[in-house]
Amino acid sequence: MIQLTDVHKTFTVKDKRTHLKKRIEAVRGISLTVKPGEIYGLLGPNGAGKSTTLRMIAGLMQADQGQIQVCGIDTLEKPEKARSVVGYLSTDLNVYGRFTPRELLRLFGEFQGVDAKVAERRGLHLLEKLQLLDFADVKMEGFSSGQKQKVSIARALLHDPKVVIFDEPTTGLDVLTAKTVLDLLRVMRAEGRSVIVSTHVMPLVDEICDRVGIIFDGELHGDAPPKQILETWNAKTLDEVFFQLAARSAAEV
Amino acid sequence: MRGALLVCKKEFMELSKDRKTMFFTFLMPVILYPLLFTMMGKLSQNDEATRKNKPSRIVLVDPGHVVEPLLKADGKAFEVVVAPSGDVKQAIRDQKLEMKLEVDADAATKLEGHKTFGLKATYDKSDDSSKLALSRLKETLQKQDKAWVQARLKALGASPDLAVPTKIATEDAGDMGLFVGKLIGGFLPYMLMIMMFAGSMNLGIYTTAGEKERGTLQSLLCTSLPRNQIIWGKLLFVFAVGIISALFNLLSMGLSIGRVISGGAGAAGAAGAPMGSLSALANPVTLSLTFLLMVPLGLLFANFIVMMGIQAKNTVEAGTAIMPGFVVVMVMAVFSMAPGIEKLAFLPYVPILNVSLAIRKLFSQQGNPLEYTIALLMTVGLAGALTWLSTRLLNRESVLFKV
Ligand SMILES: Nc1ncnc2c1ncn2[C@@H]1O[C@H](COP(=O)(O)OP(=O)(O)OP(=O)(O)O)[C@@H](O)[C@H]1O
Ligand SMILES: [Mg+2]
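Protein chains in written order, with this note's numbering: chain D, 1 to 253; chain S, 1 to 403.
Treat the hints with care, since some could be wrong.
[As the list claims (entries may be wrong)] Mimicking DSBU-like on lysine-lysine, the simulated pairs with C-alpha atoms at most 30 Å apart in a straight line are:
1. S/K17 - D/K129
2. D/K78 - S/K9
3. D/K139 - S/K17
4. S/K9 - S/K54
5. S/K96 - S/K143
6. S/K54 - S/K131
7. S/K9 - S/K313
8. S/K20 - D/K148
9. S/K17 - D/K117
10. D/K139 - S/K20
11. S/K146 - S/K54
12. S/K96 - D/K22
13. S/K143 - S/K125
14. D/K148 - D/K81
15. S/K131 - S/K52
16. S/K143 - S/K120
17. D/K81 - S/K131
18. S/K96 - S/K138
19. D/K162 - S/K9
20. S/K131 - S/K182
21. S/K9 - D/K117
22. D/K148 - S/K125
23. S/K138 - D/K139
24. S/K146 - D/K139
25. S/K20 - S/K343
Keep in mind the hints are simulated off the structure, nothing from the lab.
Next up, chain S with everything else stripped away, as it sits in the complex (with noise of 0.2 Å):
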């Protein structure tokens, strides 16, 4: 083992005299995750929040009065506007309104009458702006209808509760950690896999068809340490660079949820949203058990890297070799992410992809302990299969004098 770690050690100063590759291994994920929590807050707050401030800008053609009153009443939720010149649609379109309500010019006779009048409103089903307006509009609208009924009923002489039949009462018992939990373990298996398979790749053709292209393997191979540590050594590179990069991206993205927590436990807090639970994403035995499954899937990696490298003649070969294999994990990346894929049967008997879904149960806490289990161990054997299979490969001198 001693020469595997000489090697080993030999790759790892070769990488510390290129600051940039170590930058966009090491440091990347560093800088990501928070970087990308901020940008995912941000957005959705600020788009909410100014929506949800801002009244609704309507062109109001109402010659009755009818409604205009009760838009005026309410200024939080509606403005409004005199009419632009020109087309009212491409306004709506260009967002210099968000809605056009035309109420019938006979509305007031027909209310007094206790007949039906109508209203047309213009909107950008596309836009959430003008959507908004328009359920703003449904609810005052519904509010008053509800008001005017019970006022008719009372003339009537009738109780004002047969306008109400029912009334319902909504409690919220969805939890925002758990939410935001599910939305994290949908991406952070893709986001572990890629981080972790592209940063040993690059390295790993380095190292492999890099070096027989460079000239410098047989320097290696002639020095009186045996070749399978050579190998060996090689593939610990790989691995370890596969797992610090998996831990840098977890510990990163642990921190930032951390901080996501408590900067914003008062804002959500008082939205109602309990983030509690949130706290278990950047629990340790979370984070741990995610870590204990990349290892395997590491190894996996890196064989897969190093048996590719190593057979090709030079770093443009084992590119095109190992890019078939990048993409397959991209591909069951982007899958593991698809919504309602926990619910297939056969998915923890599938290698790579029960790796995924396990990170997706572990963060949305309803991990399963067989199924992780599984995953471990198909991951662990497979792994251990490969190494077995890349060191009887590589050894041959067919392969390592490959011309």
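So that you can see chain D by itself, here it is in the shape it has in the complex (with noise of 0.2 Å):
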């Protein structure tokens, strides 16, 4: 369960011309909900608070304003026992170039408080759903961004989350591995996980989201399932509420 009440960010810049400070409202009260067993799709064109808002979810960020709660527990009040229920994957984060897969999955799973042996047995079998068993010995510093891309997926899973949180996981790899990794995202669903994914991808998002809210400059608007979506936006695909919202953005300035 995510849970998400008139959530706030705010970043303050400094711009190098004029030296002057500038306020950047990423997420502009943001409310959502994602219940176990569904997967939520976030769609937004760049720098419009997708990133943002799943770090604060991951408990990377903190919100300046709203509450957020994941499977019942405040991120703000207890962050590492919030942390612990949620598996965080995004293309910012990277792996540890001087280890091995097994090395690094022992390692996370330590931190994460799972017995070494029993991280390590998960993680090799998500290596192997995702078709990278044969490096598991490998040292990373040679992977391609799409083994890496897997094995921060293994890493994201290792503790068993109840909470997933995909930031563009389908980003740089090719169309077979995405398709595992959607796969994979199914399964997640079957297990009773509540699944919140971020992407540029339409199809995609029509694929596998049981609903879906769009944010535009911070905002979320719309919050239902991709069919309903296109019915209130009167749009016959996900890219035309695009056009339609970038458009509506624009007359307002």
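Given two chains presented individually in distinct reference frames, assemble the corresponding complex, making use of the accompanying hints.
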């Protein structure tokens, strides 16, 4: 279960040219719920606030305002406990190149409080599903970005998290691997986990998401099954919804 | 604390995969000191020995043959050579000979008539061998002068003692061991500090800004490990690296001194210099007390490095931020080597400097318990305060996600 209530996040950045401080309201009052056994898709253009939202749910960042709960645990009050039920994946995250996947998985098992043996077994099982078992004992320094991403997926799911957060999980993966990942997500759903993914790939959303939310300028538009969204916006594809939103925001300015 | 230990373990696992860094951080000092001591010993011994054993080559112009027999009598000290073709001064500068000596042509007559005769020595003041030739000549002449004066007194029927109103006997109270101790104590704090800082600096940057740069820090942050434990783990690692490096330095130094003592005992003993007190340097107590001082200092360094490292966006920026600290430590270390520095009254109260001062005194066996305690407590206090500050500062999201 993931529950966001009126979540805000503002960054302050400095403009190098004018030397003025600039406030970026990356997330402006987002509320959403992801139930167990549900895959929620976050859509939105670059810089819309998807990653920021997911980072806050994963406990990497703190919300300025509002409340976030994972499995009923408040991420602000009990950050460690909240993080222990979350599996987070993002292309920003890299693997430790000096380790082999097996070493990395054992280590992260320990970090997550999972017995090293159990962690290794579970990790290797995941690697097998992702067709990377042959590389389990090879230093990751020379891995391709897709291979690294696979190890990251295993790392994220190692501790059997009830909440799965995947930020653009299929970026950099070939169609075959992408399909494997999607299958994995379906399994997660079947196992009753709450899954939230962000993506730019519309067909992916159509295929696996039970519900989608479109983020535009830090605000959530529509929070419904893909079909229903298309109906409300009177559009044929989700891309079209995007264009409409962009046009509307341009008109507002 | 479990989390911090786990993170620290991870850092050491990563380090263990990097043989080169391991070598330069830990093994280098082990090789460095024996090499340094052997070279220092060889150099000073060799130089002295060859100069002392070789006779000084002198071009002699002595028509009256007054000085010639004196020089020839002492074949160990002098060798009369034929003048080289060309400029004699240039030949001296080229170290083809040590000195040119010209004796007055009428020296024999003057000597007989009890008059002063002159000699002119041409030598190279900047060259040790040439200077040695002059001092040898002066010594020989002094002895001969005395003999001549005594002969004259005797001829006059006076006591030969008239020529020697005083006679001084000397005894060397200096202690070779103490001397070497002062020498080592002078540069050891410098070596220790530099090695400790440099060693932990590289690894410190690697595990802080480096992790940010490589994108691995986030994977650590999204585990259930508490943030401050991650910071403590990194701190512990950087601290441990510094401490291990200091320990290796001290051990290697202690062992090499031990070898110098046992190996050099014969030679030094023969020269009459007691080396006994040198063993005080290789003494476990001295080494342990020094190590004890290095512990809080290491924590201080580790805090500084981790604090700068995590706040930086990348490794280059981290290097830029840490470098001034390194320079300060280096300047302080060099300053602490300056002679006579231990007499400055405020020094025991200057952090870092007081540590090197205390180590210096330990090695010259002038250890001052009060100053030692002040240095220790001050460093412990500072390290503690900085640890508190860095945990508070680095726990902030704006630091961890600086872009
Ligand atoms: N650590 C940070 N410091 C300052 N600004 C940030 C930070 N993280 C995100 N932002 C800003 O917040 C806004 C939202 O960024 P975010 O990464 O959430 O976008 P996104 O929807 O994931 O975009 P993309 O599709 O490109 O990944 C952007 O304008 C970004 O510049
Ligand atoms: Mg993003």
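Status of the hints after comparison with the structure:
Restraint check for S/K17 and D/K129: the C-alpha separation of about 28 Å stays at or below 30 Å, so the hint holds. A hinted pair counts as satisfied when its Cα atoms are at most 30 Å apart, and D/K78 with S/K9 qualifies at roughly 25 Å. Distance hint between D/K139 and S/K17 is fulfilled; the C-alpha atoms sit about 10 Å from each other, no more than 30 Å. A threshold of 30 Å between alpha carbons decides the hint, and for S/K9 with S/K54 the separation of about 60 Å lies outside it, so the pair is violated.
At most 30 Å may separate the alpha-carbon atoms for a hinted pair to count; S/K96 and S/K143 meet this at roughly 28 Å. In summary, the hint linking S/K54 to S/K131 is supported, as the alpha carbons are separated by about 13 Å, within the 30 Å threshold. For the hint linking S/K9 to S/K313, the alpha-carbon distance of about 24 Å falls within 30 Å, and the restraint holds. For the given pair, S/K20 sits about 25 Å from D/K148 by alpha-carbon distance, which is consistent with the 30 Å threshold.
A hinted pair counts as satisfied when its Cα atoms are at most 30 Å apart, and S/K17 with D/K117 qualifies at roughly 22 Å. Taking the CA atoms of D/K139 and S/K20, the gap is near 17 Å; set against the 30 Å cutoff, the hint holds. Under the criterion of a C-alpha separation no larger than 30 Å, the hint pairing S/K146 with S/K54 is consistent with the structure, at around 26 Å. About 77 Å separates the Cα atoms of S/K96 and D/K22, which puts this hinted pair outside 30 Å; it is violated.
Proposed proximity of S/K143 and S/K125 is supported: the alpha carbons are some 23 Å apart, at most 30 Å. In summary, the hint linking D/K148 to D/K81 is supported, as the alpha carbons are separated by about 27 Å, within the 30 Å threshold. The straight-line distance between the Cα atoms of S/K131 and S/K52 is roughly 12 Å, inside the 30 Å bound, and the hint therefore holds. Straight-line distance between C-alpha atoms of S/K143 and S/K120 comes to about 18 Å, which keeps the hinted pair within the 30 Å bound.
At most 30 Å may separate the alpha-carbon atoms for a hinted pair to count; D/K81 and S/K131 exceed this at roughly 80 Å. Proximity of S/K96 to S/K138 is assessed by CA-CA distance (about 21 Å); at most 30 Å being required, the pair is judged to hold. Under the criterion of a C-alpha separation no larger than 30 Å, the hint pairing D/K162 with S/K9 is consistent with the structure, at around 28 Å. Distance restraint check for S/K131 and S/K182: the Cα-Cα separation of roughly 28 Å lies within the 30 Å cut-off, and the hinted pair is therefore satisfied.
Between S/K9 and D/K117, the direct Cα distance comes to roughly 17 Å. Compliance with the 30 Å bound is thereby established for this hinted pair. Taking the CA atoms of D/K148 and S/K125, the gap is near 71 Å; set against the 30 Å cutoff, the hint is violated. For the hint pairing S/K138 with D/K139, the CA-to-CA distance comes to about 74 Å; that exceeds 30 Å, so the pair is violated. At roughly 84 Å between alpha-carbon atoms, S/K146 and D/K139 are farther apart than 30 Å, so this suggested pair is violated.
For the suggested pair S/K20 and S/K343, the alpha carbons sit about 42 Å apart, so the restraint of at most 30 Å is broken.
The structure is inconsistent with the numbered hints 4, 12, 17, 22, 23, 24 and 25, although it conforms to all the rest.
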